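There are 2 protein chains.
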Amino acid sequence: MTTQLAKDYITIDEGAQDQLFRRARTANSFTDEPVTEAHVRAIYDLVKWAPTSFNQQPLRVVLVRSPQARARLVEHMWDNNKAKTAGAPLVAVLAADTEFHHELPAQFPVFPEAKDAFFADPEVRRDSAVLNAALQVAYFLMGVRAAGLAAGPMSGFDAVGVAKEFFPDGIHRPLVVMNIGLPGENAWWDRLPRLAYDEVFASV
Amino acid sequence: MTTQLAKDYITIDEGAQDQLFRRARTANSFTDEPVTEAHVRAIYDLVKWAPTSFNQQPLRVVLVRSPQARARLVEHMWDNNKAKTAGAPLVAVLAADTEFHHELPAQFPVFPEAKDAFFADPEVRRDSAVLNAALQVAYFLMGVRAAGLAAGPMSGFDAVGVAKEFFPDGIHRPLVVMNIGLPGENAWWDRLPRLAYDEVFASV
Chain A
3 MTTQLAKDYI
13 TIDEGAQDQL
23 FRRARTANSF
33 TDEPVTEAHV
43 RAIYDLVKWA
53 PTSFNQQPLR
63 VVLVRSPQAR
73 ARLVEHMWDN
83 NKAKTAGAPL
93 VAVLAADTEF
103 HHELPAQFPV
113 FPEAKDAFFA
123 DPEVRRDSAV
133 LNAALQVAYF
143 LMGVRAAGLA
153 AGPMSGFDAV
163 GVAKEFFPDG
173 IHRPLVVMNI
183 GLPGENAWWD
193 RLPRLAYDEV
203 FASV
Chain B
3 MTTQLAKDYI
13 TIDEGAQDQL
23 FRRARTANSF
33 TDEPVTEAHV
43 RAIYDLVKWA
53 PTSFNQQPLR
63 VVLVRSPQAR
73 ARLVEHMWDN
83 NKAKTAGAPL
93 VAVLAADTEF
103 HHELPAQFPV
113 FPEAKDAFFA
123 DPEVRRDSAV
133 LNAALQVAYF
143 LMGVRAAGLA
153 AGPMSGFDAV
163 GVAKEFFPDG
173 IHRPLVVMNI
183 GLPGENAWWD
193 RLPRLAYDEV
203 FASV
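Note that the protein sequences, when read in sequence, are chains A and B. Quick note: to get the numbering used here, add 2 to the position in the first sequence (first position is 1). Quick note: to get the numbering used here, add 2 to the position in the second sequence (first position is 1).
Keep in mind the hints are simulated off the structure, nothing from the lab. Keep in mind that the hints are not guaranteed to be accurate.
Interface residues of chain B toward chain A, partial, derived using beta-carbon atoms under 7 Å [said to hold, decoys possible]:
1. Ile-14
2. Ala-18
3. Phe-23
4. Thr-28
5. Arg-62
6. Val-126
7. Leu-137
8. Arg-196
Quick look at which bits of chain B chain A covers, simulated, 3 or more residues with Cβ under 8 Å [said to hold, decoys possible]:
9. 38–50
10. 63–70
11. 106–120
A quick note: this is a predicted structure, and the numbers were derived from the prediction, not measured. The beta-carbon is built from N, C-alpha and C at its ideal position, and this holds for glycine as well.
Chain A on its own, in the form it takes in the complex (with noise of 0.2 Å):
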């Protein structure tokens, strides 16, 4: 499945290339093959190292495990996401942390400082968290995939009632609901067509 493009000038093994990009798709049915504890805590210890601003880390992941728990996530799903979050093995919801400051003088150490002077805003302060915590979400995405496993990310749901069930304390904004697990029958849609280079890249 590799690209002369690819060829010529990624230098990652081609089949981690298939894996993470060409090959993986969003699964939209899973088999009943359980993911445990164990995978996530690979997947995090992989990913963990990924950059965000000031070393921020504002990711916050509740995983969906008890049929109680699930039955009230599914509740505040859109429709057509009801039947495979009830399906999934695992569900994770990913949020940002908007109070991720606290952590932050241990976080970065070389200039707690940061803490005040950049994050007092409470505006800045989830603006930044959003941003970080989806480029989080994105190498969550990737560690998944990197272990084998399946993602059905999901932004289709009442976030409003996602972070009242699940993140009582106000202050986390959930982004990504995400189905996790080994593809079962049918689980792909046809591939969706893709922006071309010139469309995304300007040179100025």
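On the provided structure of chain A, position chain B as indicated by the hints.
Same frame as chain A, now just chain B:
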């Protein structure tokens, strides 16, 4: 540099794991080795396959190549980012197109009505563009590393000034400025700590 958890659960090549995550670092200085158009095309050709909500692909990128444009960009960077932005072989401004919905019927032909059904509200559209473009920034960063290059992503810049300078249409929101190249002398800071698994993940 691998770990027992990675050996047990991560199935992509160990070298790729190191190159993308464990050994990769944010570079603060670069060699003079150029980053070509073909490099960037190969990176995009790989990472374009990673998912966005409704396949919306809101990321837009300006590659700042001319000395004049580079000088204009450096003006808007925070002081601590000026020297490295001036010196990097390639600098990319990565932005969210808040009017991505015009392309949506072509990119999401399975439900072209999504353009109006979900993205008529400018605030909903902006939030969606920022979230999904941030995912794509992370995918792009992984692609830079997959090409054997180092990335220096920065959020320390005047976003209003950068938007006016490089996206005068007023519909793009710059998210990250990224230096790209081969790492130069003393390119790395000491590695910063990461949150422990239990500080990030909870199960319900």
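For each hint, the structure was consulted:
no.: 1; hint: Ile-14; verdict: holds (4 Å)
no.: 2; hint: Ala-18; verdict: holds (4 Å)
no.: 3; hint: Phe-23; verdict: holds (5 Å)
no.: 4; hint: Thr-28; verdict: holds (5 Å)
no.: 5; hint: Arg-62; verdict: holds (6 Å)
no.: 6; hint: Val-126; verdict: violated (11 Å)
no.: 7; hint: Leu-137; verdict: holds (4 Å)
no.: 8; hint: Arg-196; verdict: holds (4 Å)
no.: 9; hint: 38–50; verdict: holds (count 12)
no.: 10; hint: 63–70; verdict: holds (count 6)
no.: 11; hint: 106–120; verdict: holds (count 5)
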